[in-house]
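Since the structure of chain S is already known, use the hints to place chain P on it.
Taken in sequence, the protein lines are chains S and P.
In the numbering used here, each residue's number is its place in the first sequence (first place is 1) plus 378.
In the numbering used here, each residue's number is its place in the second sequence (first place is 1) plus 24.
No lab work stands behind these hints: they were computed from the structure.
Watch out, some of these pointers could steer you wrong.
As the list claims (entries may be wrong) - DEER-style ranges, computed between Cβ atoms: (1) P:D92 / S:R384: 24 to 30 angstroms; (2) S:E472 / P:Q62: 35 to 41 angstroms; (3) S:E401 / P:G188: 46 to 52 angstroms; (4) P:I225 / S:E401: 30 to 36 angstroms; (5) P:H50 / S:D515: 28 to 34 angstroms; (6) S:M537 / P:Q62: 26 to 32 angstroms; (7) S:T558 / P:C54: 35 to 41 angstroms; (8) P:I94 / S:A475: 35 to 41 angstroms.
To be verified - Which bits of chain S does chain P cover? Going by a derived footprint, with three or more residues having C-beta under 8 angstroms, they are: (9) 391–405; (10) 432–440; (11) 446–454; (12) 458–470; (13) 510–518; (14) 523–537.
As the list claims (entries may be wrong) - To give an idea of the interface, some chain S residues facing chain P are shown, with a C-beta separation under 8 angstroms as derived from the structure: (15) T382; (16) R385; (17) A411; (18) G412; (19) S413; (20) R478; (21) V540; (22) R550; (23) K557; (24) M560.
Where a beta carbon is used, it is the ideal one built from N, C-alpha and C, also for glycine.
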Amino acid sequence: MPPTDRRESVDALMVAVARGSRESFSDFYDEVAGSVYGIIKRIVRDPSISEEVTHDVLVEVWSKATAWDRERGSAIAWVATMARRRAIDRVRSEQSARNRLEAHAAAHSVPTDVVSEAVIEEEEWGRVRSELAGLSDVQREVLELAYYRGHTQQEIAGMLEVPLGTVKTRMRDGMIRMKTRMGDT
Amino acid sequence: MELHDQAAAYVLGILEGDEVQQFEQHLETCDTCQIEVQQLQGSSELLFDAAYESPPEGLKNRVMQSIDSIEQPVSLQPSGMSRARLWSWISAAAVVIAVVAVGLSGLLAGDPVADILGASDATPISIAASGDDPSAIADLVLVYSPSLGQAVLRGLDLIPTADGEIYQMWLIGASGPVPAGIFQPDENGRVSVLIQGEPAIGEVFGITVEPAGGSDQPTGEVLFSGEV
Numbered sequence: 379m380p381p382t383d384r385r386e387s388v389d390a391l392m393v394a395v396a397r398g399s400r401e402s403f404s405d406f407y408d409e410v411a412g413s414v415y416g417i418i419k420r421i422v423r424d425p426s427i428s429e430e431v432t433h434d435v436l437v438e439v440w441s442k443a444t445a446w447d448r449e450r451g452s453a454i455a456w457v458a459t460m461a462r463r464r465a466i467d468r469v470r471s472e473q474s475a476r477n478r479l480e481a482h483a484a485a486h487s488v489p490t491d492v493v494s495e496a497v498i499e500e501e502e503w504g505r506v507r508s509e510l511a512g513l514s515d516v517q518r519e520v521l522e523l524a525y526y527r528g529h530t531q532q533e534i535a536g537m538l539e540v541p542l543g544t545v546k547t548r549m550r551d552g553m554i555r556m557k558t559r560m561g562d563t
Numbered sequence: 025m026e027l028h029d030q031a032a033a034y035v036l037g038i039l040e041g042d043e044v045q046q047f048e049q050h051l052e053t054c055d056t057c058q059i060e061v062q063q064l065q066g067s068s069e070l071l072f073d074a075a076y077e078s079p080p081e082g083l084k085n086r087v088m089q090s091i092d093s094i095e096q097p098v099s100l101q102p103s104g105m106s107r108a109r110l111w112s113w114i115s116a117a118a119v120v121i122a123v124v125a126v127g128l129s130g131l132l133a134g135d136p137v138a139d140i141l142g143a144s145d146a147t148p149i150s151i152a153a154s155g156d157d158p159s160a161i162a163d164l165v166l167v168y169s170p171s172l173g174q175a176v177l178r179g180l181d182l183i184p185t186a187d188g189e190i191y192q193m194w195l196i197g198a199s200g201p202v203p204a205g206i207f208q209p210d211e212n213g214r215v216s217v218l219i220q221g222e223p224a225i226g227e228v229f230g231i232t233v234e235p236a237g238g239s240d241q242p243t244g245e246v247l248f249s250g251e252v
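Isolated chain S (complex conformation) (with noise of 0.2 angstroms):
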């Protein structure tokens, strides 16, 4: 289905879930659900999180449905949002945790196991790589940064060591070459 049709049958299973229809939700759960896992599990890594994770966020889209407010975005970007927003979250809570532990640790001079940054494995990009082929070594990687990895601009411009507007510049071109090689313009 080309992207654009997607984007509106989604939209409009999203009008039926706002009004009640737990049969839309269904179908709207199987056009999502992947994806949604696919986000969160690049953002918080580990799989039974993101799988609850994952629950919680399609529990809230039900929830929240009759918020979603077409003239701001499509449904997916609505729920991408969330998403990504729950995900982050729940890293961070998790980061703050384990930095707790750590200073715990260290201060009773436990050694530690702490938990490297684990990188993410070529073969898991295998199938974004394919998707985002096209653009620029640059472009992707602010993109990756940005959509499934959860940084701010901000961040980002500081991990690369480049000015905030070349990290927009960037994005931005990446996008429209996205765009552009879908040919949905």
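For chain P alone, kept in the frame of chain S given last:
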């Protein structure tokens, strides 16, 4: 903060906290950014699709079970929404009104009001102040379903009548005005009421103030009206 270059981040949905609202306010008056957002829209959905992974087995059942016990909370429009925007929103998406109204009337599916608002052919008809009475201020819309042959009056900010008086609705066709029900707005000035009788295309719908209990023929000035 430079707002012009936030369009991409806005479309990606990665702005945080106040940034979203700030950019949306800016967007209302900035043509350049409106075009920019339009151009970029769709790319975040591509990234969404690209993230696909098979969801864990059993997750769907758990989600469906969880929502089983949750009735969707229903709210009025966010208070920040402007009148003009609210109005265009009402016209553009009558379906969403259905949800709002179901909650307003506190009724569940199977109720005639909910059925009309939820009908696939539900059409909003604007009802405007028609007299000179300066107190006749309200946002009113008649939602009419031709297939059901019924309509619902929905509205906000309606001023209560004086004691001993009531609002009365009329359907005014070739044979003159026919009473179509009486109502009072709730304490917040809201109204959601089923029109009695079957409106016909071309008829005029009107609202007057009448003595409590209603009248057989309108005695008051027509405060609001609209054509079905």
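The hints, checked one at a time:
{"no.": "1", "hint": "P:D92 / S:R384: 24 to 30 angstroms", "result": "28 angstroms, holds"}
{"no.": "2", "hint": "S:E472 / P:Q62: 35 to 41 angstroms", "result": "38 angstroms, holds"}
{"no.": "3", "hint": "S:E401 / P:G188: 46 to 52 angstroms", "result": "49 angstroms, holds"}
{"no.": "4", "hint": "P:I225 / S:E401: 30 to 36 angstroms", "result": "32 angstroms, holds"}
{"no.": "5", "hint": "P:H50 / S:D515: 28 to 34 angstroms", "result": "32 angstroms, holds"}
{"no.": "6", "hint": "S:M537 / P:Q62: 26 to 32 angstroms", "result": "30 angstroms, holds"}
{"no.": "7", "hint": "S:T558 / P:C54: 35 to 41 angstroms", "result": "24 angstroms, violated"}
{"no.": "8", "hint": "P:I94 / S:A475: 35 to 41 angstroms", "result": "28 angstroms, violated"}
{"no.": "9", "hint": "391–405", "result": "holds (count 7)"}
{"no.": "10", "hint": "432–440", "result": "holds (count 5)"}
{"no.": "11", "hint": "446–454", "result": "holds (count 7)"}
{"no.": "12", "hint": "458–470", "result": "holds (count 3)"}
{"no.": "13", "hint": "510–518", "result": "violated (count 1)"}
{"no.": "14", "hint": "523–537", "result": "holds (count 6)"}
{"no.": "15", "hint": "T382", "result": "7 angstroms, holds"}
{"no.": "16", "hint": "R385", "result": "5 angstroms, holds"}
{"no.": "17", "hint": "A411", "result": "4 angstroms, holds"}
{"no.": "18", "hint": "G412", "result": "4 angstroms, holds"}
{"no.": "19", "hint": "S413", "result": "5 angstroms, holds"}
{"no.": "20", "hint": "R478", "result": "24 angstroms, violated"}
{"no.": "21", "hint": "V540", "result": "14 angstroms, violated"}
{"no.": "22", "hint": "R550", "result": "4 angstroms, holds"}
{"no.": "23", "hint": "K557", "result": "5 angstroms, holds"}
{"no.": "24", "hint": "M560", "result": "6 angstroms, holds"}
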